[in-house]
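As you go down the protein sequences, you meet chains A and B in turn.
Counting from 1333, one number per residue, gives the positions in the first sequence under the numbering used here.
Counting from 15, one number per residue, gives the positions in the second sequence under the numbering used here.
If you are wondering where the hints come from, they were derived from the structure by calculation, not from laboratory data.
Treat the hints loosely; a few may be bogus.
What the hints assert, rightly or not - DSBU-like mimics (lysine-lysine), calculated; alpha carbons at most 35 Å apart, straight line:
no. : chain 1 : residue 1 : chain 2 : residue 2
1   : B       : Lys-175   : B       : Lys-447
2   : B       : Lys-785   : B       : Lys-316
3   : A       : Lys-1380  : B       : Lys-321
4   : B       : Lys-36    : B       : Lys-452
5   : B       : Lys-321   : B       : Lys-661
6   : A       : Lys-1393  : A       : Lys-1380
7   : B       : Lys-316   : B       : Lys-84
8   : B       : Lys-452   : B       : Lys-487
9   : B       : Lys-111   : B       : Lys-36
10  : A       : Lys-1422  : B       : Lys-36
11  : B       : Lys-36    : B       : Lys-661
12  : B       : Lys-790   : B       : Lys-661
13  : B       : Lys-321   : B       : Lys-421
14  : B       : Lys-84    : A       : Lys-1514
15  : A       : Lys-1380  : A       : Lys-1409
16  : B       : Lys-447   : B       : Lys-321
17  : B       : Lys-452   : B       : Lys-785
18  : B       : Lys-661   : A       : Lys-1514
19  : B       : Lys-597   : A       : Lys-1514
20  : B       : Lys-699   : B       : Lys-321
21  : B       : Lys-579   : B       : Lys-561
22  : B       : Lys-487   : A       : Lys-1514
23  : B       : Lys-320   : B       : Lys-452
24  : A       : Lys-1380  : B       : Lys-699
25  : B       : Lys-320   : A       : Lys-1514
26  : B       : Lys-579   : B       : Lys-487
27  : B       : Lys-661   : A       : Lys-1380
28  : B       : Lys-111   : B       : Lys-421
29  : B       : Lys-452   : B       : Lys-421
30  : B       : Lys-36    : A       : Lys-1514
31  : B       : Lys-564   : B       : Lys-487
32  : B       : Lys-661   : A       : Lys-1393
33  : B       : Lys-573   : B       : Lys-36
Note that the structure is predicted; figures quoted are calculated from it, not measured.
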Amino acid sequence: MLAMSTPISLELSINDDRVRASVPAHWTLLELLRYELGLTGTKQGCDKGDCGACTVLIDGKPQLSCLILAANAEGKKVQTIEGLQPAHRKAGGVGLDPVQDAFDRCGALQCGFCQSGMMLSARALLNENPTPDRTEIRQALSGNLCRCTGYTQIVQAVELAIAESTGAEPESPSWSDGNPWKSTTSLSGKNGGDA
Amino acid sequence: MGARDQHGTGAPWGDEFRAVGKSLRKIEGLSKATGEAVYADDIMLPGMLHAKLLRSPHAHARIVSIDTSKALALEGVHAIITGADLPICYGVIPWTKDENALAVDKVRFIGDEVAAVAAIDEDTANAAVRLIEVEYEVLHSYFDPNESLVRHEPAIHPGNKHGNISKRVELEFGDLESAFASADVVMEEDFVFHGSTHAAIEPHCAVARASADGLVTLWSSTQITHYVQREVSRVLGLPQSRLRVIQPTLGGAFGGKSDPFSLEFVVAKLALITGRPVKMLWTREEVFYAHRGRHPMQMRYKTGIKKDGHLTGVEATITIDGGSYSSFGLVTTYYSGQLLTGPYDFPNYRFDSTRVFTNKPPCGPKRGHGSVQPRFAFEIQLDELSEAIGMDPIEVRRVNDIGENTKTVNGQRVTSNGFGRCLDEVERASEWKTRRGKLPLGTGLGVAGSMYISGTNYPIYPNDMPQAGIQLKVDRSGLVTAFTGGNDIGQGSSSVVRTILCEELGLDPLDVRVVAADTDLCPVDLGAYSSRVTFMVGNATIDACRKLRKQIVEAVAAKWEVDAKRVYLGSGEVFDTEQRETKITTREAFEIAEAFHDTLGSTGAYNTPTLGGDYRGGSIGASPAYSFTAHVVEVDVDVETGMIDLKNVWVAHDCGRALNPMLVAGQMEGSAYMGIVEAVFEDHKVNRFGLHSGPSLLDYPLATALDTPELHALIVESIDPEGPYGAKEAGEGPLHPALPALSNAIYDAVGIRLRELPFTPGRVLTALRAKAALDKETKGASC
Ligand code: FES
Ligand code: FES
C-alpha cells in the first residue's frame, strides 16, 4: 500500500561509488540495487534466500541481497557483478576479471541467470584461497543453484582460472583430448575477452 | 524434402572446417559475464505499472461472483480485470484450447488465475488483490488420476467429450500374443513416475506497452515467441501484425516457458486499458503453480525376450496425470508411446496411454517431453530381463540396437545412429567390465540407453510454411546480421547461427551479429522445443548463407572477369583459385557485391520431409533425425540410512556432428544432471486438499554443486545425412537414461529394484528390509 512505502534516505558504498538513494523502508538490498539503482546484473530467483541468484559481496563476503534490508547495507562495501570488471581494471588488470573470462570460455554461462551470484561466490573464494581443490570449490558454490549446467563447466571454469593464475595446465574435460579453452571468440586466435 | 533443405555434411569450401567443431565462446556469453544482458524483469519503462494476480484458494469450484469495487477504490490502483475481460479460450494445441487467461466461471486448481490488478507499485497491487471479493461454490475435486479415469461428474472441463479423460491413444503394431508366446522370458511389472518441475532459476515475467497507434509490444520470458504472438493476439482480438513479441535474454526454460501463460495476456490487456506499460513478475511460488512440468505416470510394462537377448515384443498401459488443463497433453500422450520404439528393435508393440484431468497444477512439456517416464520403466525392465537370461545388460542393448537406415516398429524412419558407439564409450570410460558386479556392497554401476527426436515434422498447427526461417543482412561495413525467430534460451542457438555464418562466409565471429526472437524483426521460427533448433534453424542458416555467397561470388567474378567457379570465399579472404595473388578481403568482396547487386540480403528456410507412419498420429514423434544416448551411473547407497550418494555419470551422446563441442557437452551435462537429480531430490505434488506441498526452492529442493555427481560427457558423432553438417540434437536426449541407469546401479549396489520414483531414503530402506526378509525366508526354506 502507498502508506507502507514511507521512504528512507540511505547512503551506501556500491562498487566503490558513494551512492545516495531514497527507497521504501522495507525494501531489500536486492530491490534497491535492481529497481532503484538499475544494477540489474544482480538477479532474483526466489526472493527468500533459497537460490543464491541475488548473491553480492558485502565487505568481500558472499551474501544474499534478498535477505538484507537496504538500510542494513549502510556503512558496508557492496560489490555487484557490474563492479567486477571495473575493479579488475582499477587494480591494473586488462580485459575481464579472470573468473568472468574463464566462465565464458568454459561455456558455463548457459542461461546466465544464476551466474552473477555464482561468479561472485567464486571470486570471494579465490580471494580467500587462491588454490582451492575441487571439493572446496563445490562447497563454496553450494549456495548458488544452477539449473542449466550440472555445475561441471562452472567447476571447470574456476579450475581454469586457478590453473592460469598459477601457470599450471588445466585438466582436460572428458570430451576433449587437450585444453579446449584456448580458442576463444576470434578464429584468428585473438582473445575475445580483451576485445 | 526440398533440395533447399539438403546441404551436405562436409566442410563446405575446402577440406577442413574453419568454425564448425571449434569450442568458440557463446555469442552472448560476455554480456552475461558482466551482468549487462537484459532479462525480462530488467526492463523498466517510464510510467510502468505493476500487475499482480488473485489466485484461486480452491482446487475445484464454480465462481459465483467477483466484487472488485473495494480494490478499485484503493489509491494507486489503475485497473482490474477478470475472466469477463478475456473470455476467449487459448491453448498451444489448436484442438484443445481449454485455458483462459483469467478464470471464466470456474477454477480448476489451487493457484488458478482469477483476477489481475495493475497499480502504481507491487505493494499496492498486492494490497488491492487482497480486497477483491470472490464467492465460490466448491465442487468435488480430483487428485487421484485413477478416479478421473472412471468418474466424470462433475467434469473438470464440462465441454469435454470424454468427461475427465483428456486424451487416449491406443496403437498396436505386430502381434503381441505370438510375441510373448515365442519369448523365453516374459516380465510384467508396474512402475510409477512422480511429477517433477522445471524450476528455471528465472521466474516468469512479462512487460507490455501499448502505443497510441494501437501497436502492442510484449516482452516475455518465453521460449516460443511465435505461439505467444498467435495466442495473445487472438485472445486480445488484435491482428497478429499489431502485436510484437520479443523474448529478452532468458533465464532458463527446459520446456517450462513453452505454453502461452496467463501473465502475457494480462499485461497486454492491462497496457491497452491503462495506456501505460505494465509489468508482471511471478513469485517463485506462482511459478510452481504455473508448472507445466513432467507428467506423473503409472505404467505397466510387459516385455518378452529370447535367451539370445532378442526382444520379441513390448506392451505398455499408461495412465498420465495431466493436471487441470490440456497444455501440450495431446502430444504428451502420443509421445508416451511413440518415442519408445528405439534404440531397440522389437517387432511387436502395443501401447494404450490415457491422460486424465485432475485438480492440480497443469502438466506439460519438460525436457524429454513425454518419453522420460516410459524410458524409466522400460530400461529397468530391460535390466531385469538381462539378468533373467544371464546376459550382460550392455550386451543385451547391443544385440537389440536398431542400427542405421531403418524403420522402427511404428514406422519412424531412422537414418544416422551412433547408439552402438555410445554403449562402447560408457562401457570403456566407466571400466564396466572390470567393475560392474564386483564393487563392494553399497557401490554399484547401472546402464541405460535412449533415443530422442531432433525436431518433429508435426508443426503444432498444420500449415505448409517453413518451420524455420532466417534472414541475412550484409553491407559494406563487413558486418553480417542474421535475423532469426529461433529462441536462444541459454542453450546456444544464436551461437550455432553465428558458427554457421562464419563457416559459410569466411567471417570472423566478431563480424557477425544475431538478432533473435523478435516478431517484428525476424522471420517466423517455431521456437525452442522438441530439440528442433540446431537441426532446423541450422539448415535454414546454411540455406540463406549459400544464396548470399552466390551473389557475392558472382559479383566478384564479374569484377575480375573470371568464371564464378574460380572465386574462393570462405577463409576471411577472397581469391582467384587459379591466380592466388588476386585476392581481397571479405569486406571488400561485400563492397563489390553491394555495388553490383544493390543492397544485399538473403533468406533461408527449412521444412521437414514428409515422415511418419501411415496411420492416425503416425507423424507425431516422426523426426528428420534421432539422437542416441547411453549412460552408466555409479552410485553409493548407505544401507543404514537409505541415503543415495550420486558419484559419477558417464553420458555418451550421438549428436550427429558437434558444431561446438563445448556447448554440446554443456547440454549433455545439464541434461544428465537434470535427470538424475529429479530421481532423488524432486517431487512435484499436492497434499490431500490440492495445495502444493511446498512451492519454494527449499521445499522442492534442487541439487547443489555438492549433491551433483561428476558428469563425464562423451561425444559420439554419427554425421547425420540431413542435419546441418551432420548435426543432430543434444539438449534433451541426454537426459533420458539417467533415471533408469540410477535404478539399475542401485540394484548392482545393494540388490533392490526401485520401480517407483522418487528414490527417497524411506523407499530405499523399505526395499532393503523387504529384501532382507525375503533373503531370510529363502535361506530358511533351504535349511
Ligand atoms: S533471490 Fe535471494 S536467494 Fe533467491
Ligand atoms: S546458467 Fe542457467 S541457471 Fe545457471
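Hints the structure fails to honour: 1, 3, 4, 7, 8, 9, 14, 20, 25, 29
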